[in-house]
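Heads up: the sequence lines are chains U and A, in that order.
Numbers 1 to 355, taken from the numbering used here, label the letters of the first sequence in order.
Numbers 1001 to 1355, taken from the numbering used here, label the letters of the second sequence in order.
Some hints here could point you the wrong way.
Stated by the list, open to error - Capping the alpha-carbon separation at 30 Å, the derived lysine-lysine pairs in DSBU-like fashion look like this:
id	chain 1	residue 1	chain 2	residue 2
1	A	Lys1233	U	Lys34
2	A	Lys1289	A	Lys1352
3	A	Lys1076	U	Lys80
Stated by the list, open to error - Looking from chain A toward chain U, a few residues come up when the C-beta cut is under 8 Å (computed):
id	residue
4	Lys1076
5	Thr1083
6	Arg1114
7	Phe1141
8	Ala1147
9	Gln1316
Simulated from the structure, these hints should not be mistaken for lab results.
Where is the CB? At the ideal position from N, CA and C, for every residue including glycine.
The chain contents come next:
Protein chains: 2
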Amino acid sequence: MQDIEILTSSAGGNSVIHCGAGAFDEYAPQIAGKKFIVTDSNVYRLYGKLIAQTFGDCPVFVLPAGEKSKNYNSLKNILKAMTESGVTRSSTVIAFGGGVVGDIAGLAASLYMRGTGIVQIPTTLLAQVDSSVGGKTAIDFCGVKNAVGAFYQPSQVIVDPLFLRTLPARELRCGLGEIIKYGALDCGIYAALSQNQHDLSDYAFLENVTFDCISHKAKVVAEDERDVSGARKTLNLGHTTGHAFELYYKRKSHGEFVLIGMYYELYIAVRCGICGGHYAESLRALIKKVLKKIPSYSDAQSAAAGAKYDKKNEEQSTVSVIVPKREGESAEIKLPIAEYMQMIGDCAKELKQNG
Amino acid sequence: MQDIEILTSSAGGNSVIHCGAGAFDEYAPQIAGKKFIVTDSNVYRLYGKLIAQTFGDCPVFVLPAGEKSKNYNSLKNILKAMTESGVTRSSTVIAFGGGVVGDIAGLAASLYMRGTGIVQIPTTLLAQVDSSVGGKTAIDFCGVKNAVGAFYQPSQVIVDPLFLRTLPARELRCGLGEIIKYGALDCGIYAALSQNQHDLSDYAFLENVTFDCISHKAKVVAEDERDVSGARKTLNLGHTTGHAFELYYKRKSHGEFVLIGMYYELYIAVRCGICGGHYAESLRALIKKVLKKIPSYSDAQSAAAGAKYDKKNEEQSTVSVIVPKREGESAEIKLPIAEYMQMIGDCAKELKQNG
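With the rest of the complex left out, here is chain U:
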């Protein structure tokens, strides 16, 4: 078990990530003071007993599972339950679940009385390697992913591989989506992925690579907490197109759309001459290890139009995508919206032709 610390100037102060087997048993019972748990219906079914054993008799808010719950009305319901439970500024909200739970509970904690404590206990691979760390909180709004939110650091994140054992294969795939994204940004993670490409779902491998991904993210967040200098923007690799598809097609989950987005944006990078050769081939192969078939959407071009609402864009006439360049290095490409949509459409056509 190892700790990673993120030093920040913001709200909650510094953030400590307790990472590794046994982290839950060691740190969860130590959370002091009045607690308010947010979780979802799937996680509660699996871990309701553990929650009760660990945190005793404290209020538990159970969201319906799924991205649909990450909305303005659910946020209201959480804030209302917090008020009715007598939560105060010195209480701690515990986000016990995946990315949706972490994002919305984090936002509720940041808003309630202008900020209560928040501890993240991510139970999915995706939330462990990425969304629970770094203080980005949000809900979807008016058809735009994460359009309403706050930067608000959790005082602690408890990342325990214990929870991975109950994850369905699809959830592991989603987490691997973000892990491959880190692979495109970090030489060490890329090497680990290449070495383990024949068994990416191995638990020992996942535990180690989770620590590496969080370490990478912690450095980036400490450098650019509020996503203004450009460092943090790199973490959006694959996400511009991924988010646009996610909101348009809905059927798959976030991590799968990140993989699809990476694949489509890699196509753009190759077309623009920014990435190529063996490296591009090997990234494509990694993506296909996790997602056997990349969808060749017939209306990909229309779906991509949603990318104009991405937070990275200074205006809605251009789209900014972060793409792999070479090992451990990414680049930003800014394209007029029409040109971006055209390329996304071309990638879909190519996928269709190649069956």
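For chain U, the structure is supplied; the task is to place chain A on it using the hints.
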């Protein structure tokens, strides 16, 4: 015209307050980039033309005037209009109006894409001396004042006495409520109030004392931006009881309730032996200069129960009030809720007896 700067570690970075006659004409036209104006129906009726002349053809969101608009649904409507107007992270929201407009527009700006720019242009005396400065934003929620909000510094605050000329007498009274609060915290402001007690509505006096109040607040905010060390808590003098009455009785406005709250809490301070003699008498006289008749609510004790939800309270069984002690000095009194309610009831009875 003078500038006051607040150095902060948070979100928007530093905050500059341009203060004095001519500030609007000088600084408002300089606000660069895409703009989104939030105002209310009263202010828009008076200043719609000035807004159009100054900011040109940019979207204007007009809230119905009044505290009732400071709610979760109005916040949603503002965020929706921002999305539909294509506001981006580099746009600037301009809060043009009183405290309600400033509080809700500031919160919308903090949440939209996790933060756009915000400039406050306060048009009421209360907003100028107090609420537009310091980055506290909020809406009322579930019957609790400012229960949902964020700390988010405006990049600029433009405080121009020009707008005071169109204020009804009652609005001046409300601003004077907060000014007297500053008088109970700051010797210089207390002296200015004492010297001008025969004409507290004089515009030259108001312009000078506004600068003094903002200077006082700027120092406190720089020391304790997030209201954790105790310094900023002093600015809540009169507000614990004021807020409780405000939500219970509704009929009056915030500044009037601050005056009433100060009067009732001064009674508690005297009963507890913390304040007294000539100083207490003189503060009471100042309050009565502005609010001729302090209401002797027959159900004051029940109304005071709402104070248990105040953000200062660590638990809902005690109530914390900030009271004047001696010139330029305040103190915090923590009371069991029942004792606090009893004293508030006793003060109401005394007011009734004295007619």
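A quick look at each hint next to the structure:
Restraint check for Lys1233 of chain A and Lys34 of chain U: satisfied, since their Cα atoms lie roughly 22 Å apart, inside the 30 Å limit. For the given pair, Lys1289 of chain A sits about 19 Å from Lys1352 of chain A by alpha-carbon distance, which is consistent with the 30 Å threshold. A threshold of 30 Å between alpha carbons decides the hint, and for Lys1076 of chain A with Lys80 of chain U the separation of about 16 Å falls inside it, so the pair holds. Because the beta carbon of Lys1076 of chain A sits about 6 Å from the nearest beta carbon in chain U, less than 8 Å, this interface hint is met.
Residue-level restraint check for Thr1083 of chain A holds (minimum Cβ-Cβ distance to chain U is 4 Å; threshold 8 Å). With its C-beta approaching chain U no nearer than about 5 Å, Arg1114 of chain A sits inside the 8 Å limit, and its interface hint holds. Below 8 Å, beta-carbon pairs count as interface contacts, and Phe1141 of chain A has one with chain U at about 6 Å; its hint therefore holds. A distance limit of 8 Å between C-beta atoms decides the matter here; for Ala1147 of chain A the minimum to chain U is near 6 Å, and the interface restraint holds.
This hint holds: Gln1316 of chain A has a C-beta 5 Å from the nearest C-beta of chain U, less than the 8 Å allowed.
The structure agrees with every numbered hint stated previously.
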